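First to last, the sequence lines map onto chains A and B. Using my numbering, you'd call the opening residue of the first sequence number 1 and step up by one each time. Using my numbering, you'd call the opening residue of the second sequence number 160 and step up by one each time.
Calculated directly from the structure, the hints in this document are not laboratory data. Any given hint could be a false lead.
[As the list claims (entries may be wrong)] Simulated restraints, written as ranges between beta carbons of each label pair:
(1) Leu378/B x Glu71/A: 39 to 47 Å
(2) Gln725/B x Lys28/A: 41 to 49 Å
(3) Glu71/A x Pro382/B: 38 to 46 Å
(4) Glu741/B x Lys28/A: 25 to 33 Å
[As the list claims (entries may be wrong)] One side of the interface only, derived from the structure: several residues of chain B facing chain A at Cβ under 10 Å:
(5) Lys175
(6) Glu263
(7) Val267
(8) Thr299
(9) Val326
(10) Ile328
(11) Asn393
(12) Ser489
(13) Pro1109
All values reported here derive from a predicted model rather than from experimental measurement. Cβ coordinates follow ideal geometry from the N, Cα and C atoms, glycine included.
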Amino acid sequence: MQFMLLFSRQGKLRLQKWYVPLSDKEKKKITRELVQTVLARKPKMCSFLEWRDLKIVYKRYASLYFCCATEGQDNELITLEIIHRYVELLDKYFGSVCELDIIFNFEKAYFILDEFLLGGEAQETSKKNVLKAIEQADLLQENEMGLFYALLAAVSTLN
Amino acid sequence: MALKIVKGSIDRMFDKNLQDLVRGIRNHKEDEAKYISTCIDEIKQELKQDNIAVKANAVCKLTYLQMLGYDVSWAAFNIVEVMSSSKFTYKRIGYLAASQCFHESTDVIMLTTNQIRKDLSSPNQYDTGVALTGLSCFVTPDLARDLANDIMTLMSHTKPYIRKKAVLIMYKVFLKYPESLRPAFPRLKEKLEDPDPGVQSAAVNVICELARRNPKNYLSLAPLFFKLMTSSTNNWVLIKIIKLFGALTPLEPRLGKKLIEPLTNLIHRIYLFFSQILHHLSAITLVCFSWLIAFLFFITVLISLSSGMPNHSASIQLCVQKLRILIEDSDQNLKYLGLLAMSKILKTHPKSVQSHKDLILQCLDDKDESIRLRALDLLYGMVSKKNLMEIVKKLMLHVDKAEGTTYRDELLTKIIDICSQSNYQYITNFEWYISILVELTRLEGTRHGHLIASQMLDVAIRVKAIRVFAVAQMATLLDNAHMLTGNTQRNGICEVLYAAAWICGEFSEHLENPMETLEAMLRPKVATLPGHIQAVYVQNAAKLFATVLKSQEGNTDSTTAQEASQLMIDRLPLFVQSANLEVQERASCILQLVKYIQKLQQKDVEVSEEVCALFAGELNPVAPKAQKKVPIPDGLDLDAWINEPPSESESEDEQPKAIFSKEEPKHSRPRHTEVDEKELARRREARKQEQANNPFYIKASPSSQKVYQETPGVEHIPVVQIDLSVPLKVPGLPMSDQYVKLEEERRQKERAEKKKKDKKKRKEKRSGRGKKHDSGPESEEDITPAHMVDIVTEEMPENALPSDDDERDPADPHKKSSKHKKKKQKREKEDKEKKKKKKHHHHHHHHGDKGGEESVQNGTVEEEEPLPRRLISVMLTFIFLFYSFDRKAYDIQGNLQDGSQVVVSVIFENKCDSFLKSMEFNVLDSLNSKLQRPEGSGPHDSLTIPFQLPPGVSNEARFVFTVQSIIMPQKLKGTLTFIVKNEESSTHEKLDFKLHFTCTSYLITTPCYSDAFAKLLESGDLKSSSIRLEGVNMPFHHLLARICFHHHFSVVERIDSCASMYSRSIQGHHVCLLVKISSQTVSVDAKCDEPTLLGNVLDEIKQTFSQC
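Construct the entire structure; sequences and hints are all you get.
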């Protein structure tokens, strides 16, 4: 997979992940054109389109478009499955996810994606394992921050 | 001190965090940019703080802003700072920011190497994980080189979580730093058998991706993958492995056979998986056809496997039928996937897709561009002579309607692709094609002007008959050049003027009014065209000028000639001033020339001949092999070293890019000296492919090349007579539609004539057989081209070396088209032959002593060039005896699908006085009947006949056919190719024939007792039918013997002039007859459990007796 974009119906980018090295300018250009192309398509049309020499697979969930670009040989259905899995993971993690969850916790959305895909390839096909890894990393973070909050409490009592 | 830090943190707690930023942006919809710029200022302040928590918060906000499109590259160093925090919380944010913002040219990446290395070896697996994830996004060649070893070590980490990531990231490392592949590969291979399924799947992923780039080197892993495929339970892994095998099987056909079985077992699993995926797609009813989805994936594999497996056409056929259901569905995703799979099939099995033309054309009207594009892809393989015009007409309509330029350009290329494919094989009327090209020039803003131009040039050069028409069209184009040049910069279409100018100049003798065209070519507006087009204009203006002079020669009134000179002298200076060197040079050269000519004209000197001599001689296309055929002069050794060869180590240094090539020994000497046969064949294949795609390469038929060797020189280029049955000028505008109409009329006329002929024949024959010739839908060969599409043979060097070897390559795509051509030329002859064939056919029936059904053809094979050459007449008699069936197959009745085999014995008799050798027998398989070929050969390969035939000798060969349905008679077309050898020469010849599988030939004489027979009749399962034969003048026992012999029946019981007979088909159908005779009238009442079969058998019996 070359990149994944999440954008709203209004064309606002919500998440972007690039697995090929491109300059910011190119990324912006591709994003702009692609968002336009996908949004111009009618809801009844198919989820696949050819764009430049890439194969674009997209799917709309509620107000969000999930859009992946793959190279020619990759299977379209597998790409759709990757999108769907990612949505399921977000759903499990946030508990019935909505667009706002992704906007306000965009770093979490990235962390989940990074546990699921690496370098554009699916690294973990088990949903359970992905969630477990995320939970443990979160736990680690909480422990660290817990220390911080304990110190904070100590300071406030000192005062 | 510590307290101070904490206190600072508390103050910062009241700063904006990410949530606040997002909220703020949402609240400032009107002045977002202003709000964000204040935010960025704040962030800059925060980044100046010492506190890492504050910095991390700032970096997190920056990452968000980066996504919104703001430049944050200035904070790259701060990101590195956050990355190097010892706390996972901040490190995580730092790496995320880096993976989003860094790219190869970010210079701070250099500073991260040590930090990343530290993180990779961190005792905390999540630190390592985060570093690996980040690295996967911003790895540079330097990082890859420096960290390759560390990552390799991680591949054997104790935690599968790390191993998995390390294996996957190795792929990125290989891409950036290919040298790392060799040392890492053994470990990567080891990971294929890792106990953790995640790691295993990662390793499969990486190897599959590597193999996609260079499959050859991974063949040795095939057994390992085979094991994985049969043992793995992970669908994702399976799909990757199947994809890998898809890449490997073309290299190693034996793999295909081995794979079939496990794949069949896997189909169900994969299908379930895919149907699950599809279930997520809305609005799909999975109930009735969900299992079809499995095909989508397996088709790809099947196709790559089927190259080595002849029996696959049936399953392919099935796939195509099922795909049709998908394409017809209202769900667009299914439609798309169906078309996609169809196009994969088209590549290897074009025949099976062709029958769904209607559906594909329908998809062209779809609202969804994705679907239209897919359908366009498929059209390429759908065209035939019959439907080309219709399809192109439809496409032209779409061109007019198309909105986006991309789609329109795609349509344009497709139209040209379709028309020019296989050396214009499907074009029957070139005037029509030229008109289409001219119509295409009206497209605005297309990028493909040069494509149209090259087609115009190609057709005009190669199809001589079309030149008059083409020149007229091009002259009009030149005259209306202003329509095309509206916006030169943006508009690629002006390229066609290049072609137009060249054609008008080169073939100016066909111009009606050269003076006018000359004027059009020298208009001042021309100077705005691109330089290379102007240059052609100038050069061809000179050619036109020469033509004008020539036409005025002998004319006492020399004003026109002088006007022409004056025109040139007036207009050329504009080009002399051109900034383009080419234009300038040509213009000044020609200007001086014309000035000189004008002087001579004023002295009344005849100059036209000299001027014409400047452009004398005809330009011909060069044969693709011309270069190769130039003989190497004596004493030139191309393989000898000019300088000492470089040392081996050097040569290795030069190719560090080769990805993992362990089996490839490095040659110290250049390869071309001792390339092995395989390599040569591969290259040849590649070249052919390339040539097939290049319209400028046509493969000349071998025969005409031979002529050329004897008579070098341009005048002798054999161009076969052109049959102009259509007026070359169509009144009014040259709209391609008119041609379509004309063409239809012409074909109708032809058909009518044919019908008449047929009728006549039928009358002569007075047989019921004529039914089969009924002019239902016309078949492919029935369409004769309007102009004989004879294309000028290309030039060969004068002393070309004869080399026929590659011409004989049966897989050569060009070969087909040249055969095709021959067919047309032989039309008349064929008609005669057909009659002859008929006669023979009946003749043999009459004697009927060979047993079974026979079909005989006597063919006289001749060279078909116009030049008289040795006339070889080879007479061959084919006697086809269908009698022996594979008893085994016959006994296994439960399995009706396969195992139905028919053995065809053919007697080859050499009736000429030359030696015949290298005979190859080939039959065009139908869906129903297929020639069994040895394992490993393709479905179109021919069978070598294992003997040679000296003059006057005959021998028998047997061929096994598999037949699926036996209820209908069938004809199979075939070709016998052979080499005729006598003292002087040897030539390659071919003979077309038809094999007639009658229904009778599927019957087997089976004895039946009268009580069993009675039971059978009573069972009521049989359908009945009857015929009457009039005027049979033979004793009853002769009649019975004849039925028994010809139609494989056995007599069950005979009472006086009444007999019951029985036979059985190889697929177990019972056929019962009750034959009665009363004064020359025979009535046959028959019963069979298959009415179609019965009807056909009765028809055949009737025929046998109608010929007595």
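Going through the hints against the structure:
1. Leu378/B x Glu71/A: 39 to 47 Å: Violated: the Cβ-Cβ distance is about 23 Å, outside 39 to 47 Å.
2. Gln725/B x Lys28/A: 41 to 49 Å: violated, 59 Å
3. Glu71/A x Pro382/B: 38 to 46 Å: violated, 28 Å
4. Glu741/B x Lys28/A: 25 to 33 Å: Since the Cβ atoms of Glu741/B and Lys28/A sit about 40 Å apart, the hinted range of 25 to 33 Å is violated.
5. Lys175: Violated. Min distance 13 Å.
6. Glu263: holds, 5 Å
7. Val267: Hint violated; Val267/B Cβ to chain A Cβ min 15 Å, cut 10 Å.
8. Thr299: The hint holds - Thr299/B has a Cβ within 10 Å of chain A, the shortest such distance being about 8 Å.
9. Val326: holds, 9 Å
10. Ile328: holds, 6 Å
11. Asn393: Interface hint status for Asn393/B: holds (6 Å vs cutoff 10 Å).
12. Ser489: holds, 9 Å
13. Pro1109: violated, 54 Å
Violated hints, listed in ascending order, are 1, 2, 3, 4, 5, 7, 13; each of the other numbered hints is respected by the structure.
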